[in-house]
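Engineer: Sequence:
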Amino acid sequence: MAIASGVVLGTLARYWMMRRDFRQYPSYPHAVVNHLALGFVAATLGAVAVPAIVAKEYTAVTFLALASTQFREVRSMEREMLGSLEKSEMVPRGNDFIEGIARTFEARNYLVMFIALVTSAVTFRFGVLFGVLSAIVTAFAIKRLMKGKIIKDIANVRSAEFRFEGPNLFIEDVHIMNLGLPEIREIYYKRAKALILEPFDDNAREILANAGQRQAIAHDAALMLGIHRDVDTPEFTPLLRRNTETGRIGMIIVPIEPDEKCLVEAVKNVPVLESAQSNPLASGAGRCASD
-16 MAIASGVVLG
-6 TLARYWMMRR
4 DFRQYPSYPH
14 AVVNHLALGF
24 VAATLGAVAV
34 PAIVAKEYTA
44 VTFLALASTQ
54 FREVRSMERE
64 MLGSLEKSEM
74 VPRGNDFIEG
84 IARTFEARNY
94 LVMFIALVTS
104 AVTFRFGVLF
114 GVLSAIVTAF
124 AIKRLMKGKI
134 IKDIANVRSA
144 EFRFEGPNLF
154 IEDVHIMNLG
164 LPEIREIYYK
174 RAKALILEPF
184 DDNAREILAN
194 AGQRQAIAHD
204 AALMLGIHRD
214 VDTPEFTPLL
224 RRNTETGRIG
234 MIIVPIEPDE
244 KCLVEAVKNV
254 PVLESAQSNP
264 LASGAGRCAS
274 D
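Under the working numbering, the sequence shown is numbered contiguously, ending at residue 274.
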């Protein structure tokens, strides 16, 4: 019963973690089957650990080390798959975003293994009911602890006005790009929307300075509101540029859905990438420079 409880609840936990949002990833149904199968394997390895130790079958525990090697291949698989799809994206995710997704899918297998191990141990000692309760508590605790920051936690996001000075496009004091064709500028005047992202502190300033983080913001915004471009119109690619004096970010996008409120909300909910995390205020030199 201990092994069965761990396997079942661990696999269910993997399915629960595989929540699909607006990104529609993993795609249905093949990637879902792949990840559920790996989740089942992870749950089985975690569930048999405690009974194996009790039975003094210590060699069985070595499979946990073998599993860690196999689950590292999950990261490579996701990285290669998403990387191969980048060329077909109107607004690419960027390598940093892809690496973050790949790490997440690898880590979730370890979390499933841990949930199955806890469930199996509690069931073995106290019974099935307590095992189920422990699995639920552990899953919710893990989800809460693993929840990362989003853009609205580190920066103020607001609508802004843009202007052209000759062919140069500005959002307030942030220079974005040069657009030479008058007909392109006319489309921008009619359809484009602009935002300003103001970091709350020096840590946030460095996060927003990361090119991968800005690419992730552009990708998610274009995905949710649509983008007024085709494969041969790169001048309509959404851009985020930085004021190097203040650290503020200006964003310009030509969306299909021209709703500024929705655009602000979309940008606020973009995840902060692990690769962009920076904490200069944790050092003495960083705090001194901030003062």
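In short, the hints are calculated from the structure, not lab data.
Please note that a few of the clues may not be correct.
No more than 30 Å apart at the CA atoms, straight line, and that leaves these computed lysine-lysine pairs for DSSO-like [stated by the list, open to error]:
1. 70 x 251
2. 173 x 39
3. 244 x 173
4. 135 x 173
5. 244 x 130
6. 173 x 251
7. 126 x 251
8. 173 x 130
9. 130 x 251
10. 39 x 132
11. 135 x 39
12. 173 x 70
13. 132 x 251
14. 244 x 132
Computed Cβ-Cβ distance ranges for the label pairs, DEER-style [unchecked claim]:
15. 252 x 93: 23 to 29 Å
16. 172 x 131: 34 to 40 Å
17. 51 x 172: 17 to 23 Å
18. 264 x 69: 30 to 36 Å
19. 49 x 218: 48 to 54 Å
20. 273 x 150: 34 to 40 Å
21. 271 x 156: 39 to 45 Å
22. 60 x 264: 47 to 53 Å
Ideal Cβ placement from N, Cα and C applies to all residues, glycine included.
Engineer: Are the hints correct? Go through all of them and say.
Structural biologist: A quick look at each hint next to the structure:
1. 70 x 251: This hinted pair holds, its Cα atoms lying about 26 Å apart.
2. 173 x 39: Measuring from Cα to Cα gives roughly 73 Å; hence the hint is violated.
3. 244 x 173: Judged against 30 Å, a Cα distance of about 17 Å means the pair holds.
4. 135 x 173: 28 Å, holds
5. 244 x 130: With Cα atoms ~25 Å apart, residue 244 and residue 130 stay inside 30 Å; holds.
6. 173 x 251: The hint holds at about 24 Å.
7. 126 x 251: 21 Å, holds
8. 173 x 130: 39 Å, violated
9. 130 x 251: 15 Å, holds
10. 39 x 132: 43 Å, violated
11. 135 x 39: With a Cα-Cα distance of about 51 Å, the restraint between residue 135 and residue 39 is violated, given a limit of 30 Å.
12. 173 x 70: 29 Å, holds
13. 132 x 251: Holds. Residue 132 to residue 251 sits at ~10 Å (cutoff 30 Å).
14. 244 x 132: Distance ~21 Å between residue 244 and residue 132 Cα, so the pair holds.
15. 252 x 93: 23 to 29 Å: Distance hint for residue 252, residue 93 holds at roughly 26 Å.
16. 172 x 131: 34 to 40 Å: 37 Å, holds
17. 51 x 172: 17 to 23 Å: 55 Å, violated
18. 264 x 69: 30 to 36 Å: Check passed, 34 Å falls within 30 to 36 Å.
19. 49 x 218: 48 to 54 Å: Taking Cβ atoms as reference, residue 49 and residue 218 lie about 52 Å apart, which means the hint holds.
20. 273 x 150: 34 to 40 Å: Because 37 Å falls inside the window, the suggested range holds.
21. 271 x 156: 39 to 45 Å: Violated, since residue 271 and residue 156 (Cβ atoms, about 27 Å apart) do not stay within the stated range.
22. 60 x 264: 47 to 53 Å: 37 Å, violated
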